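Listed below are the residues making up each chain.
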Amino acid sequence: MSRRHLNEILPFFSVLILVSTLFGLVLLKMEVRRMGYSILKASHEYSKLKDTQRMMDMEYARLTRPDHIRKYAVAHFTLNDARSGQIIQLAGQKLAMPQ
Amino acid sequence: MKSRILLLFCIFLGLWGLLLARAARLQIFPDVRLENLKRRQFETSLEIHTRRGAILDRNGNELAASIPSYSLFADPKLITNTSEFAKKLGRVIGINPKDLKKRIHDHERRFVWLRRQLPEKMKHDVEALGEPGLGFIEEPKRVYPNGSLLSQVLGFVGSEGNGLEGLELQYDKSLRGRLKQVLLPRDARGRPLLSDARSLTEVPDGSDLELTIDHEIQFQLERDLQNAVEKYGAQGAVGVVLDAQTSEIQAMATVPVVDLNDGTHYPPEQRRNRVVTDAFEAGSVMKTFAIAGALKEGILRPSTRYNCEGGHLKVGDKWIKEAEAHDKFEWLTVTEILAKSSNVGAAKIAFDLGDERLMRALTDFGFGSKTGVELPGEARGIINPLPWRPHLLANIAFGHGIAVSPMQVAAAYATIANGGVLKKPLLVKAIHTHSGDQPQEFQAEEVRRVLTPSQAATMRLMLTAATEDTGTGASARIPGYFVAGKTGTAEKVDTVHGGYMKGAYVSSFAGFVPANNPRYVIYIAVDNPRKSYYGGQVAAPVFARMAQYLVRRVGLPPVQISERNVILSDNERERSHAQEAALKDLKRETENTQHGGFPNLVGLSLREALARVHAEASAIDVHGYGVVTRTIPVAGAALDPKSRVTLILDNP
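Residue numbers (this note's numbering), protein chains in the order written: chain R, 1 to 99; chain P, 100 to 751.
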């Protein structure tokens, strides 16, 4: 390609580069916007999941509270409080003591 | 023509110049009004509700936490048919339609709360109605998953989420999250444009409190106290369990309890944490400190004897008597004074000590000043200023005429248990922030040394005497362990009319277990029990149950092992029976010999039999072979040194 031809298409390339750059900038801006919406959605979901976890922690705490476990043991496993003499404590040296 | 064109050009140039100057002014010089206008047009503000911190026990179990809830409001101006609206909504949110109608009656109002803190499901049900004029505001709701457990210690929050009582009040600043406001650019539809999600997810939540409380020990304590209240028809009861070495509070209860999820509906006196807020005359549990004071001053030793005057001592124009009329003690050692809880003995020790030194002993143990536990409304107790009249001095020695709080008594017993150092009881172990910082951890602070380690050891030994068979606190004993402690039975002060209430008592027991190497300090006080009132009968059994539970829970091996309380294996039982039989024989023989009788030789070989009798008889006749089956004289008969002994042997 001769120098003359090159000089003829250079303005065209300049305009093309300028337009592509502007177009790219617009696309980048749009991508930033789109990601912003995704982040917003994700952060809402994150908060919701955190709340759900809190509710489940609460439920777990409710279910494992000592009086609930005791009531459950009495009602479902027919267990009851140990009376004096029913508990045998190992005292070492092959000895066991009723408590 | 040319001049006209030039004029027009100048006019337009001037106008453009003005426009540019105005634009430059707006850009360069700030204008608050325009800034606000711009902010309104391009920015949106998001309010993020932060979570109030949780309260956890020492094992991380949640005792209080916040969950999201939704508060429902109405704009009455937008509601057209109020009757229909109230009927439909009332059914969903559980409010009487008539009440609801009254609330939305005024159409001039634009905001009326209908119901606060609804759960998420109810919110969806309300939204499904599709009624105009309704809206929700998200609010955190405080939940206490264990219901009434540790109620007076935790306290509760108001409808605005601010702490009103207990730890919720004391640590409100740490627990409370801050309302976070985030300014974000928005798009044409008003949606926020985010570039950094952390602005929404990193919120300044309130810090979590980690307590020294163990929720299972707490449950056991509350249950035992409640059982005692029901059994003895008492007005209430308080109890506290401290780690004997560190003074960490492992349980602290006031019965009757309150349901924290509905805390404001209980009367204030029931919401009070009486372990720290109430001061009362504790009775004989205070004798320990008068004796400890005297021991420290070198006035007495455990074996020092005091004449207890047959149970009556006249001080001025008043008589000091023992708790029981039939207790007519004469000479008792200091250990016995503590074990039998002699008022006269304690009074005499106080006279030897004097008011100044007794006052110093009591203040050294922390009475008369706050323990420093991290709870609001702590009582100092009441100690009368010096000088004390002799009668008051005597009374103070056995726990009357002085008001103390249960926490002070427990901390003072912990001083004896840990070797003589008064420590500040610790309730909050750590504060955990959500910003990723290191948790703020707390340790029990030493206040002062009150006793030397050997004086504390002596006191521990003396206190075990109170739980022996002859002591007043025998029912505080648990098999296998040494228990140290002291009973208390105090007349209840009439705060309205003055003096004491007739027939009303506070029964208590303070002590620690195991006495040889204390792990737990327990204080129990039962308020105005009706069916029985002695500390040894009412409070000591509660102490024993708690102590037994605690030693089992931490797996402390028993140390007080005797043949009576040990279960043996089958082989060992047989061996034991054989040993018992042999011991019986030996005992019988010994008795026979001691009484000068002929020994029982039956079952012995000839060699063994001869070894026993050859020194006691002048001549021995032997008939047959094998083991001795019969003797002349028979076993137990009087033996004349000159008589003949005949041994008849046969094969076994």
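A hint or two may mislead.
Unchecked claim - Just some of the chain P residues that point at chain R, by a computed CB distance under 8 Å: (1) P167; (2) N180; (3) G518; (4) V520; (5) R651; (6) V653.
I should point out that these hints are in silico values taken from the structure, not numbers from a laboratory.
Since this is a predicted model, take the numbers as computed values, not measurements.
The C-beta atom is built at its ideal place from N, Cα and C for all residues, glycine as well.
How the hints compare with the structure:
no.	hint	result
1	P167	holds (5 Å)
2	N180	violated (34 Å)
3	G518	violated (26 Å)
4	V520	violated (31 Å)
5	R651	holds (7 Å)
6	V653	violated (12 Å)
The structure does not agree with the numbered hints 2, 3, 4 and 6 stated previously, though it agrees with the rest.
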